[in-house]
Each structure stands twice: as structure tokens, then as C-alpha cells.
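Residue numbers (the numbering used here), protein chains in the order written: chain A, 1 to 171; chain B, 172 to 295.
Derived from the structure by calculation, the hints contain no laboratory data. Among these hints, one or two may not hold up.
When the alpha-carbon atoms are kept at most 25 Å apart in a straight line, the in silico SDA-like pairs for lysine to any residue are as follows [said to hold, decoys possible]:
id : chain 1 : residue 1 : chain 2 : residue 2
1  : B       : Lys256    : B       : Arg231
2  : A       : Lys100    : B       : Val186
3  : B       : Lys219    : B       : Thr207
4  : A       : Lys100    : B       : Thr188
5  : A       : Lys100    : B       : Thr178
6  : A       : Lys100    : A       : Val163
7  : A       : Lys100    : B       : Val182
8  : B       : Lys219    : B       : Gly232
9  : A       : Lys100    : B       : Leu176
10 : B       : Lys219    : B       : Trp263
11 : A       : Lys100    : B       : Ala179
12 : A       : Lys100    : B       : Arg175
13 : A       : Lys100    : B       : Asn174
14 : A       : Lys100    : A       : Leu170
15 : B       : Lys219    : B       : Gln204
16 : B       : Lys219    : B       : Arg260
17 : A       : Lys100    : A       : Thr3
18 : B       : Lys219    : A       : Val132
19 : A       : Lys100    : A       : Val15
20 : A       : Lys100    : A       : Leu12
21 : A       : Lys100    : B       : Thr177
22 : A       : Lys100    : B       : Phe190
23 : B       : Lys256    : B       : Val217
24 : B       : Lys219    : B       : Leu266
25 : A       : Lys100    : B       : Ile181
26 : A       : Lys100    : B       : Val185
27 : A       : Lys100    : B       : Leu184
28 : B       : Lys256    : B       : Gly268
29 : B       : Lys219    : B       : Ser270
30 : A       : Lys100    : B       : Leu187
31 : B       : Lys256    : B       : Cys245
A short, non-exhaustive set of chain B residues, derived as facing chain A with CB atoms under 7 Å [stated by the list, open to error]:
id : residue
32 : Thr177
33 : Leu183
34 : Thr191
35 : Phe195
Given the structure is predicted, the values throughout are model-derived calculations rather than measurements. By construction, the Cβ of each residue, glycine as well, lies at the ideal position given by its N, Cα and C atoms.
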Amino acid sequence: MTTFSPVRRLTLIAVLAAVGIALFVIESHIPMPLPFLKIGLANISSVVALVLIGTTSMMSVVLLRVVVGALLIGTFMSPAFLLALSAGVVSALVMGLVRKLTRNLFSVVGISLVGAFTHSIVQLFVVRYVYVQTTVVLHLLPFLLAGALVGGLIVGAVSLRLVRALPEVLR
Amino acid sequence: MTNRLTTADIVLLVVLTAFTIGSFFTRDLLASQGFTVVVELRNVAVYKGNLNEERQVTVRGGFGDVRISIHNGCVAVVHAECPNKVCVRTGWRNLAGESIICVPNRLVIRILGDMPNVVRGITG
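Taking the hints into account, I'd like the entire structure generated from these sequences.
In C-alpha cells form, the structure reads like this:
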């Protein structure tokens, strides 16, 4: 992680949040065969934020993206929003924690996979315990995990390229 | 540096892939045993009872009598005269949330868990 001046950090948070919001809105228009299944393109902005500006700033990016994204697609305060918020915050924390604890053991691909899996699992358990008090939704778990695997890899691959290219551009 | 794929990434990928494939075989661990069985004919509940009671239920559908058996905590349609017999081939079911459906007879057998459905459906 490079050290940035407060203004640079703030600008980066804003830019990454904007990118995340744009990806989130675009992705909301892509039809998916199952509810809760997503590629998670917006997570590219979180992963890049984590590597460039650290966990705390990444949390700002995630919160901004979830709130503004939901306002834009009209799901603010709906179950979908609360799911995105809880899963987004928890997966961001886990990604930050994994990065902190393992230092440079994983590249952004590993971090992104961890984030994608956490996101799917948290989401499903919120649905299971908060919304529908039945275990039926847990039948979706295998499909969501398969989605997380594919989505996490896509997000990881894109983030890897960005993380390689960005620091020079930002300097 | 973290801008190169590491061995740990590959190991993690393999572990998560195994975990994902494994999760396809854990249906019974995740779901819970049903509690109540409800038989609905043309959207009207005609029978409701405990899944653990031994019982034979016969209902009159659009295609003659349908014999439903509740046995050993499982439920199945044992005899039906509908054309495709999808309901019979569904076999014995016991998990909360599962259902046996016979479209020609307009028959739905639902297995409910011990907790009520607060919200019927959510899509995200």
C-alpha cells in the first residue's frame, strides 16, 4: 500500500466508489437465472481500494457504493439493499482481515475469492435467519458458491490487471 | 507483492472448488426434517397433519383417486391415475420446504418445517 495525502485518498475513495456504483448499476441490468446470483463486478472497486488505500478506506468505498447504488436502482431500504449492505460490509471486513493477517500470501485473486465466498454465504444466512425462516433457501447454497467461484475469479483477474497498471498512473 | 498470482491463490482456488463441489452433496445436512404435511386440491387445503403419523390419505382429483401415504416421516403419492405420473415418480419426500405436485389433478402436497414463513419470497 502506498501512502497518499488526505486529498489523494479522498479523491481515490470518490473515484473508486463511482466506478463501483457504475458497475453495480450496469450489473443490475444483467439477467441471472437465480435470485442472489451475481458476478459481483462492483467488488472490483472494493478489491482495488483495499490494495491501494487500505481496509478503512475500502469500507467507505463499499458503504458509498451500496447506498448510492441502491438509491439509483430503486432498491434502497428493500430486502435486496439490506442483503447487499450486510454481505458487503462483512465480506469487506473479511477481505481486509485476510490481507492483514496473511500479508502478501494471497494476490488480489485470492482476496477476491475470499470476498465472493463470504458475500454469498453471509447473504444466504441473512435470508435464512432474517427473511424466510425456513431452510429451503439453503438449497441455493451450492449454486451460489459455484457463482461465487466464477464471479470471484473474474473480479480477481480484472483487479489483478488494474492493480498492476494503476500505481504508475496514480503517481 | 500482491500483483502476481501466488501459490497460495492456487491452493485457495482448489480448496474452494472442492468446497463448492462438496456443497452439492450436502442437501440433507442443510435442510431440516419436515414437520407438517399439507395436501391442497385446487388451492384448497383438504388435509393437514403431522408428518410423523402413519397415515393413508385418499383424495379425489380430476383424474380419479390419488392415494397418498405418510410413512416413517416421509410422504409420497403411491397411486394416481394422471397421465404422466410425475407425482408418483417424485417418490418419498421428507424435508421441510419440499413438495410433491400433480398438475393434472391440481394437487399440491407441501412439507412444512416447524417455523412459520414470515416472508413468502424475496428476490435480490
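Hints, one by one, checked against the model:
1. B:Lys256 to B:Arg231: At roughly 15 Å apart (the allowed maximum being 25 Å), Arg231 (chain B) and Lys256 (chain B) satisfy the hint.
2. A:Lys100 to B:Val186: holds, 21 Å
3. B:Lys219 to B:Thr207: Holds, at roughly 7 Å.
4. A:Lys100 to B:Thr188: Holds, because 24 Å separates the two Cα atoms, which is no more than 25 Å.
5. A:Lys100 to B:Thr178: Holds - the C-alpha atoms of Thr178 (chain B) and Lys100 (chain A) are around 18 Å apart, at most 25 Å.
6. A:Lys100 to A:Val163: Holds - the C-alpha atoms of Val163 (chain A) and Lys100 (chain A) are around 17 Å apart, at most 25 Å.
7. A:Lys100 to B:Val182: It holds: about 19 Å lies between the C-alpha atoms, which stays within 25 Å.
8. B:Lys219 to B:Gly232: Roughly 17 Å between the alpha carbons, so the hint for Lys219 (chain B) and Gly232 (chain B) holds.
9. A:Lys100 to B:Leu176: This hinted pair holds, its Cα atoms lying about 18 Å apart.
10. B:Lys219 to B:Trp263: Given pair Lys219 (chain B), Trp263 (chain B) holds - Cα atoms ~17 Å apart, limit 25 Å.
11. A:Lys100 to B:Ala179: The given pair, whose Cα atoms are some 15 Å apart, holds under the 25 Å limit.
12. A:Lys100 to B:Arg175: holds, 17 Å
13. A:Lys100 to B:Asn174: holds, 16 Å
14. A:Lys100 to A:Leu170: Holds: Lys100 (chain A) and Leu170 (chain A) sit about 23 Å apart, inside 25 Å.
15. B:Lys219 to B:Gln204: holds, 17 Å
16. B:Lys219 to B:Arg260: holds, 22 Å
17. A:Lys100 to A:Thr3: holds, 16 Å
18. B:Lys219 to A:Val132: Roughly 21 Å between the alpha carbons, so the hint for Lys219 (chain B) and Val132 (chain A) holds.
19. A:Lys100 to A:Val15: With Cα atoms ~24 Å apart, Lys100 (chain A) and Val15 (chain A) stay inside 25 Å; holds.
20. A:Lys100 to A:Leu12: Holds, at roughly 21 Å.
21. A:Lys100 to B:Thr177: OK: Lys100 (chain A) and Thr177 (chain B) at ~16 Å, within 25 Å.
22. A:Lys100 to B:Phe190: holds, 24 Å
23. B:Lys256 to B:Val217: holds, 21 Å
24. B:Lys219 to B:Leu266: At roughly 16 Å apart (the allowed maximum being 25 Å), Leu266 (chain B) and Lys219 (chain B) satisfy the hint.
25. A:Lys100 to B:Ile181: Since the Cα atoms of Lys100 (chain A) and Ile181 (chain B) sit roughly 19 Å apart, the hinted pair holds (cutoff 25 Å).
26. A:Lys100 to B:Val185: Roughly 22 Å separates the two Cα atoms, so the pair holds.
27. A:Lys100 to B:Leu184: Holds, at roughly 19 Å.
28. B:Lys256 to B:Gly268: holds, 21 Å
29. B:Lys219 to B:Ser270: Roughly 14 Å between the alpha carbons, so the hint for Lys219 (chain B) and Ser270 (chain B) holds.
30. A:Lys100 to B:Leu187: holds, 20 Å
31. B:Lys256 to B:Cys245: Holds: Lys256 (chain B) and Cys245 (chain B) sit about 18 Å apart, inside 25 Å.
32. Thr177: The hint holds - Thr177 (chain B) has a Cβ within 7 Å of chain A, the shortest such distance being about 5 Å.
33. Leu183: Holds - the Cβ of Leu183 (chain B) comes within 7 Å of chain A, reaching about 5 Å at its closest.
34. Thr191: With a minimum Cβ separation of about 4 Å from chain A (threshold 7 Å), the hint on Thr191 (chain B) holds.
35. Phe195: Result: holds, 4 Å to nearest chain A Cβ.
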